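S.K.: Since chain A is already given, all that's left is putting chain B on it; use the hints.
Residue numbers (my numbering), protein chains in the order written: chain A, -1 to 267; chain B, -1 to 267.
Hints may contain errors.
For chains that are exact copies, the list does not tell them apart, and a pair is met inside one copy or across any two.
Computed cross-link-like contacts, EDC-like style, restricted to lysine to aspartate or glutamate with a CA-CA straight-line distance of at most 16 Å [as the list claims (entries may be wrong)]:
id : residue 1 : residue 2
1  : 38        : 65
2  : 213       : 26
3  : 159       : 221
4  : 159       : 124
5  : 213       : 200
6  : 213       : 227
7  : 159       : 84
8  : 159       : 80
9  : 159       : 203
10 : 213       : 109
11 : 213       : 185
For the record, the hints were derived by calculation from the structure and aren't laboratory data. Just so it is clear, the structure is predicted and the values come from calculations on it, not from any experiment.
Spelled out, the chains give:
2 protein chains.
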Amino acid sequence: MQVEVGPDDPRLGDYVRLRESSLRRSLESERGLFIAEGEKVIRRAVEAGHRPRSFLLAPRWLPGLADVLARWPDVPVYVVDEAVAEQVTGFHVHRGALASLHRGDLPPLADLLALDRVVVLEDVVDHTNVGAVLRSAAGLGWQGALLSPRCADPLYRRAVKVSMGAVFSLPWTRLPGWREAPGLLADAGFTTVALTLADDSEDLDRVAARLVGGKVAVLMGTEGAGLSDHWASSATVRARIPMRAGIDSLNVAAAAAIACYALAPRSAS
Amino acid sequence: MQVEVGPDDPRLGDYVRLRESSLRRSLESERGLFIAEGEKVIRRAVEAGHRPRSFLLAPRWLPGLADVLARWPDVPVYVVDEAVAEQVTGFHVHRGALASLHRGDLPPLADLLALDRVVVLEDVVDHTNVGAVLRSAAGLGWQGALLSPRCADPLYRRAVKVSMGAVFSLPWTRLPGWREAPGLLADAGFTTVALTLADDSEDLDRVAARLVGGKVAVLMGTEGAGLSDHWASSATVRARIPMRAGIDSLNVAAAAAIACYALAPRSAS
Chain A
-1 MQVEVGPDDP RLGDYVRLRE SSLRRSLESE RGLFIAEGEK VIRRAVEAGH RPRSFLLAPR
59 WLPGLADVLA RWPDVPVYVV DEAVAEQVTG FHVHRGALAS LHRGDLPPLA DLLALDRVVV
119 LEDVVDHTNV GAVLRSAAGL GWQGALLSPR CADPLYRRAV KVSMGAVFSL PWTRLPGWRE
179 APGLLADAGF TTVALTLADD SEDLDRVAAR LVGGKVAVLM GTEGAGLSDH WASSATVRAR
239 IPMRAGIDSL NVAAAAAIAC YALAPRSAS
Chain B
-1 MQVEVGPDDP RLGDYVRLRE SSLRRSLESE RGLFIAEGEK VIRRAVEAGH RPRSFLLAPR
59 WLPGLADVLA RWPDVPVYVV DEAVAEQVTG FHVHRGALAS LHRGDLPPLA DLLALDRVVV
119 LEDVVDHTNV GAVLRSAAGL GWQGALLSPR CADPLYRRAV KVSMGAVFSL PWTRLPGWRE
179 APGLLADAGF TTVALTLADD SEDLDRVAAR LVGGKVAVLM GTEGAGLSDH WASSATVRAR
239 IPMRAGIDSL NVAAAAAIAC YALAPRSAS
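Next up, chain A with everything else stripped away, as it sits in the complex:
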């Protein structure tokens, strides 16, 4: 349903000031929405079952998304030129297409604990890193992700974008608390592998060679501080990626890619 609007129209309220992350965090959680950017990502969001609240499109994106819009005839489609989009959102919308979607419910924790390969993030607060980790995990055949309460929101626009939509295809949910997380995973039958440079850590390759089959959860902490002592010491095994002396630790997204590759379920070769 195409609707004419100007830049100050209150119906564009879902899209205001997309670069102001603290404003957006409270606005999106209050209204239970998130923003998808670009035709491909919008398409993946609706295909994953997220119900659109509205679309904000430059005219040239109408044909490409016609089938999506037709599935939701009652959802408003705000067609604006790129200058108006920029005035509302506060930045140049490179891909010219935005959608506001309902968050819906996260899957229950029990569904995630029933899987065989899950990534577990402790306090990764950067949206780019969360999105990048989920993309790599999905691409490398992991089945789900668990996030500590303080992790950044995977449905934040930047995380969605960096994940290339993996935040929709890879099941994920929040852990109910931080302290009890390692115990929860152990009770569910996971071998927990903590990624850490701690002195008692083993080379990741050796850990990977021992882990044949079974349920595996890899635990990664925020960069800078890395995993907490509590999570690292509670894990079944501590694994390190061999690093060159004197170099800062890898970015958490790079470390996650390596760990998901090294610990992925392998067919016998």
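M.R.: For chain B alone, coordinates are given in the frame of chain A:
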């Protein structure tokens, strides 16, 4: 040498509109400068031998950088409050410290070709990806990087920042041309490993198991298109990271981290 300046002072010309990448690219190449952001990165740049042109600092950063400034008594230090810094640069400078430095000369190609483990990037045009690849390569013990003529500039502010200064510690240079690059590497004695999802590629693990010692160059292309057919087919071997069906390729920075990990020189274990 502390200098008083206002926001419109022409002496701040090195720092204007840092978010406008096309303006910055021409300005920085014309003047032979690059911008380092944050105390840690500035420190690494000067320690790596880059000569500062000037500093732009909020007052609270003066003590922390006092030793660096003392080494360059004739270099102007523009002390401004954060509002002025924002007015000049066009964004909020989170770390409150900027430096403009001379680029200096890149190392000769022959120096890079004499190494044993180099990463070779073909047309990776995103600064974030270039910075992330160099950071992972340095952290995982690779010795240098070669960039095709169209790759993004590792000394662009965003690349420098994402690399955590690895663009200063890891030797890198430009390839003189695109077409002859695979031949150059072969002539220099490298086994060239092309990262590709081409049909005739082998699992990366198998390739890694065969490569014991010797000179190794890993070739990676831009995401989206991936490596060109020319580079992929000219390489000694084509390696693939096993991916889950239906998932987009990994981000090039994630793929690079995995390849640098899998093909890193290993001590016998």
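S.K.: Does each hint fit the structure? Answer for all of them.
M.R.: The hints, checked one at a time:
no., hint, in the structure
1, 38 - 65, "within (13 Å within a copy, 50 Å between copies)"
2, 213 - 26, "neither (35 Å within a copy, 52 Å between copies)"
3, 159 - 221, "between (21 Å within a copy, 15 Å between copies)"
4, 159 - 124, "both (13 Å within a copy, 15 Å between copies)"
5, 213 - 200, "neither (19 Å within a copy, 27 Å between copies)"
6, 213 - 227, "neither (23 Å within a copy, 39 Å between copies)"
7, 159 - 84, "neither (18 Å within a copy, 27 Å between copies)"
8, 159 - 80, "neither (19 Å within a copy, 30 Å between copies)"
9, 159 - 203, "neither (31 Å within a copy, 30 Å between copies)"
10, 213 - 109, "within (14 Å within a copy, 47 Å between copies)"
11, 213 - 185, "within (11 Å within a copy, 47 Å between copies)"
This entry does not satisfy hints 2, 5, 6, 7, 8 and 9, going by the numbered hints stated previously.
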